[in-house]
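Trainee: Each chain, letter by letter, is given below.
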Amino acid sequence: MRLSCPICGERPLEEFNYRGDATVRRPVSADLSAAAEWHDYVYLRDNPRGAHTEHWRHGGGCGAWLEVERDTLTHEVFAVRLAKAGKGAAR
Amino acid sequence: NAMILHGADAELLERDQALDMVPAIDAGNSRFPVYGGLLQRRAGNARHDAVAWGYARGADMRGVDIIQNCEVTGITRDGSGRAIGVETSRGAIKAGKIGLAVAGHTSHVAAMADLRLPIESHKLQAFVTEGIKPVIDTVVTFGHGHFYISQSDKGGLVFGANLDGYNSYAQRGNLPTIEATVEAAMHLMPSLARLRLLRHWAGVMDMSMDGSPFICRTPVEGLYLNAGWCYGGFKATPASGWCFAHTIARDEPHAYNAYYTLDRFARGYAVDTKGAGPQPNYH
Numbered sequence: 003m004r005l006s007c008p009i010c011g012e013r014p015l016e017e018f019n020y021r022g023d024a025t026v027r028r029p030v031s032a033d034l035s036a037a038a039e040w041h042d043y044v045y046l047r048d049n050p051r052g053a054h055t056e057h058w059r060h061g062g063g064c065g066a067w068l069e070v071e072r073d074t075l076t077h078e079v080f081a082v083r084l085a086k087a088g089k090g091a092a093r
Numbered sequence: 005n006a007m008i009l010h011g012a013d014a015e016l017l018e019r020d021q022a023l024d025m026v027p028a029i030d031a032g033n034s035r036f037p038v039y040g041g042l043l044q045r046r047a048g049n050a051r052h053d054a055v056a057w058g059y060a061r062g063a064d065m066r067g068v069d070i071i072q073n074c075e076v077t078g079i080t081r082d083g084s085g086r087a088i089g090v091e092t093s094r095g096a097i098k099a100g101k102i103g104l105a106v107a108g109h110t111s112h113v114a115a116m117a118d119l120r121l122p123i124e125s126h127k128l129q130a131f132v133t134e135g136i137k138p139v140i141d142t143v144v145t146f147g148h149g150h151f152y153i154s155q156s157d158k159g160g161l162v163f164g165a166n167l168d169g170y171n172s173y174a175q176r177g178n179l180p181t182i183e184a185t186v187e188a189a190m191h192l193m194p195s196l197a198r199l200r201l202l203r204h205w206a207g208v209m210d211m212s213m214d215g216s217p218f219i220c221r222t223p224v225e226g227l228y229l230n231a232g233w234c235y236g237g238f239k240a241t242p243a244s245g246w247c248f249a250h251t252i253a254r255d256e257p258h259a260y261n262a263y264y265t266l267d268r269f270a271r272g273y274a275v276d277t278k279g280a281g282p283q284p285n286y287h
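Chains A and B, in that order, give the protein sequences. For the first sequence, our numbering assigns the number 3 to the initial residue and increments by one for each residue that follows. For the second sequence, our numbering assigns the number 5 to the initial residue and increments by one for each residue that follows.
One chain only, chain A, in its complex shape:
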């Protein structure tokens, strides 16, 4: 399994740190009324067997946050982009 950093190019896997699912949305409200939203954001995951959009960080390299589209069954990597340009980016 190889990740290709948009800034550094293809680098060994051990240079990258895994964060998790990039599709979960951090709630905007800090109110108690948003508690259920916060719970879902922090704790609940689709955890699919197949296509997965996830955050990695190139900690052993440039330090950039990346959004990766990868198959969790085959490890095929479909896309790697900077997180701020990705689907999981803040609105």
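One or more of the hints may lead you astray.
[Unchecked claim] Quick partial rundown of chain B residues pointing at chain A, CB under 10 Å, derived from the structure:
id : residue
1  : 112
2  : 121
3  : 173
4  : 175
5  : 176
6  : 210
By construction, these hints were calculated from the structure, which means they are not laboratory data. A virtual CB, placed ideally from N, CA and C, is assigned to each residue, including glycine.
Assemble the complex: chain A is given as a structure, and chain B must be docked to it using the hints.
Mentor: Frame of chain A; chain B shown alone:
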């Protein structure tokens, strides 16, 4: 202390006592020196195949049907949302109650009942060396790399260390973890360096958000869950099965599994023994 308070034995060993028990450990390891050990003298090994077959035979003798090569493809619900059966690759099975205990594929199957769970599936690689004469007669775990090693009765050394660390159902691992695992082995027992690796695989772990399991009811009536055991499920099998049976039969948890519910995060009762927070790959 936590172990003793819960009725399990735990002895602190001095450095020399630990090294005496496991002569294979390199006493001169200066990178990660051994200062002592924690011993559970009462503990032992169990052969995993024998345990699985023992339970299978016991269940079969008591009238349980075990249907192999039969994949659950759906969970049937009635008008009120109650789970009333499963669809499988070999046909439909109706049920009054359904217990879900599928380890790494828990999220995958729970999704069939529209459940999203606090679980990520990760993989843990395991390694077995060629068979050698007895060299280790206990199970040794080592803080560096979360490493463990023991010797099977066929002579092979069985060992492993950390998760690969990313969501995976692949049942095979990648090289950085192999390197890190073998490094940990070499720090602790460099005399094993010449051994050949005979077997290598990875299991799919249902890593929970606090590293602790779920033995509970679910928001779906009639559907019960036993999951989130991370990489530590086998040794808990008898107790977890007993608690699960109680929960299913009585439709409520036993005192032993009262904490292991799906709603514990929302209520502020995470059972996070490692203190690593809601990051499954840290547990």
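Trainee: Out of the numbered hints, which ones does the structure contradict?
Mentor: No numbers; nothing is violated.
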